[in-house]
Each structure stands twice: as C-alpha cells, then as structure tokens.
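Per the working numbering, the sequence shown starts with residue 6, numbered consecutively.
Derived from the structure by calculation, the hints contain no laboratory data.
Hints may contain errors.
[Stated by the list, open to error] Restricting the straight-line Cα-Cα distance to at most 30 Å, the calculated cross-link-like pairs of lysine-lysine (DSSO-like) are: (1) 39 <-> 226; (2) 39 <-> 193; (3) 193 <-> 42; (4) 42 <-> 226.
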Amino acid sequence: MLEIFGNALTDNGLIVAFTVVGLTMFVSYFLSDKLTKGRIHGSAIAIALGLVLAYIGGMVTGGEKGLSDIGIFAGIGLMGGGMLRDFAIVATAFGANFSEIKKAGVNGVVSLFLGVVLSFIIGVGIALAFGYTDAVSLTTIGAGTATYIVGPVTGTAIGASSEVITLSIAAGLVKSILTMIGTPFVAKYIGLNNPRTAMVYGGLMGTTSGVAGGLAATDPKLVPYGAVTATFYTGLGCLMAPSVLFLMTKAVFG
6 MLEIFGNALT DNGLIVAFTV VGLTMFVSYF LSDKLTKGRI HGSAIAIALG LVLAYIGGMV
66 TGGEKGLSDI GIFAGIGLMG GGMLRDFAIV ATAFGANFSE IKKAGVNGVV SLFLGVVLSF
126 IIGVGIALAF GYTDAVSLTT IGAGTATYIV GPVTGTAIGA SSEVITLSIA AGLVKSILTM
186 IGTPFVAKYI GLNNPRTAMV YGGLMGTTSG VAGGLAATDP KLVPYGAVTA TFYTGLGCLM
246 APSVLFLMTK AVFG
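All chains, please: the whole structure from these sequences, using the hints.
This is the structure in structure tokens:
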C-alpha cells in the first residue's frame with residue numbers, strides 16, 4: 006500500500022507541490038496570527054519554512070535542488086521554476102495602477118529609484134564583507150537585498166549560482182521581517198500617518214510583504230497606499246538590477 010501511495014504521489018508531482026505549498030501557507034498564517042499577532046507577515050514565515058525544508062531536502066539527498074530532490078516532491082521544482090515565478094511577478098504588476106502612483110507626486114517616483122539603489126548598494130557591501138568579489142554574485146545579493154523576488158530574477162538572468170541566488174532570497178527575507186517588525190516603532194518619528202507618506206515609505210522600502218505587514222500593524226488604512234509603490238519597486242528592481250546596476254557593478258569590480 007505504501008509503495009502504491011508513494012508512486013501515486015510521484016506521478017502527480019504538481020498536485021503534491023500545490024498541496025505542500027498550501028499547507029505551508031496555512032501553517033505560516035496561523036503562526037503569524039497566533040504567535041506574532043500579525044506583526045510578522047505570514048508570507049515571511051512561509052519563506053523561512055520553505056528555506057528550512059529546502060535545507061532538509063538537500064541534507065537528506067545530498068542534491069542541489071532542495072526538497073524537489075526527493076521523488077514525491079519533484080513537482081516543487083516545476084512549481085518553483087522560472088515560468089510560474091515570472092507569471093506571479095507579471096500578475097502582481099498588473100494589479101498596480103500607474104495612475105495611483107502619480108498621487109504620490111515626484112517624491113513617490115524619487116523614492117522608488119532611491120530605494121532600489123540604496124538597497125542594492127547595502128547588499129553589495131554586505132556581499133563584499135562576506136568575501137564575494139565577482140560582479141555576478143555581488144549584483145545578485147545586492148538585488149536580493151532590494152527584495153527576495155528581484156534577487157532570483159536577477160541571478161537567473163545573469164547566470165548566478167544556486168547558492169548565491171539562495172543567499173539573495175535570504176537577504177530579502179531578512180529585510181522583509183525587519184520592515185514588518187520595525188515599521189510600527191518608527192512610524193511616529195517619520196510621520197507615517199497619511200497616504201502620501203505611506204506611498205513614499207513603500208517606494209523606499211520596496212518589500213511588499215514587509216511594507217504591508219508593517220503598515221497593517223501601524224494603521225490598516227495605509228496598507229493599499231504603501232503596497233502599490235512597493236509593487237512598482239519590485240518591477241523597477243527587476244528592470245534595473247540585471248541591466249544598469251549589473252553593468253555598473255561590473256565596471257567597478259570587473
């Protein structure tokens with residue numbers, strides 16, 4: 006019976022993948038609600054759990070593709086591949102209305118470019134501190150510091166190793182969690198109490214889940230305004246990091 010059940014799971018890998026992801030999201034949002042009162046967004050917990058599962062999968066099999074190296078979970082490799090990832094990014098971008106961002110004015114637009122560039126520079130500095138010196142790795146980790154979506158998109162585009170791409174995701178995850186936790190504490194000091202400043206804040210920080218979670222803990226009414234510029238931030242990062250920022254990094258570090 007166990008063999009038949011195992012074969013059935015292996016033959017329906019994509020269904021198993023959706024089931025595993027669904028259960029992970031359920032557990033993550035349950036933990037977010039019960040343990041952190043929503044201060045740490047469920048998506049951040051889900052990413053952390055995903056990285057733990059990937060580590061366990063790699064340790065058990067000695068492979069390089071995380072949990073998908075285990076036969077019954079092979080569908081996760083397809084579900085987490087470039088096709089569905091890029092579809093999710095495009096779908097997110099279509100959810101933003103460009104007319105909305107104009108409400109933030111010049112400050113909102115400037116915050117987007119400033120946020121991407123500053124996050125990238127900080128990420129490159131961290132990568133240098135840990136001994137990475139090649140332009141591909143520096144760019145990928147710098148892009149990951151922008152968001153954990155921009156990192157893998159950039160790494161895939163410029164040919165980074167899977168280890169470096171994983172580090173870029175981890176960097177984006179750390180930023181997301183810090184943004185979620187820190188936003189309520191700094192809100193009163195930076196005037197984060199109206200839609201305009203929320204849009205500028207979303208443009209500076211960029212991590213959609215982090216901004217949404219942090220603003221939800223500050224004032225739920227501000228979430229849509231911060232999220233819309235954070236979404237544009239992700240799109241801008243995906244455009245700039247593999248092109249302009251990569252070429253600039255390559256010119257400096259060779």
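Going through the hints against the structure:
Restraint check for residue 39 and residue 226: satisfied, since their Cα atoms lie roughly 22 Å apart, inside the 30 Å limit. With a C-alpha separation of about 26 Å, the suggested pairing of residue 39 with residue 193 holds against the 30 Å cut-off. Restraint check: the Cα-Cα separation between residue 193 and residue 42 comes to about 20 Å, which is no more than 30 Å; the hinted pair holds. At most 30 Å may separate the alpha-carbon atoms for a hinted pair to count; residue 42 and residue 226 meet this at roughly 17 Å.
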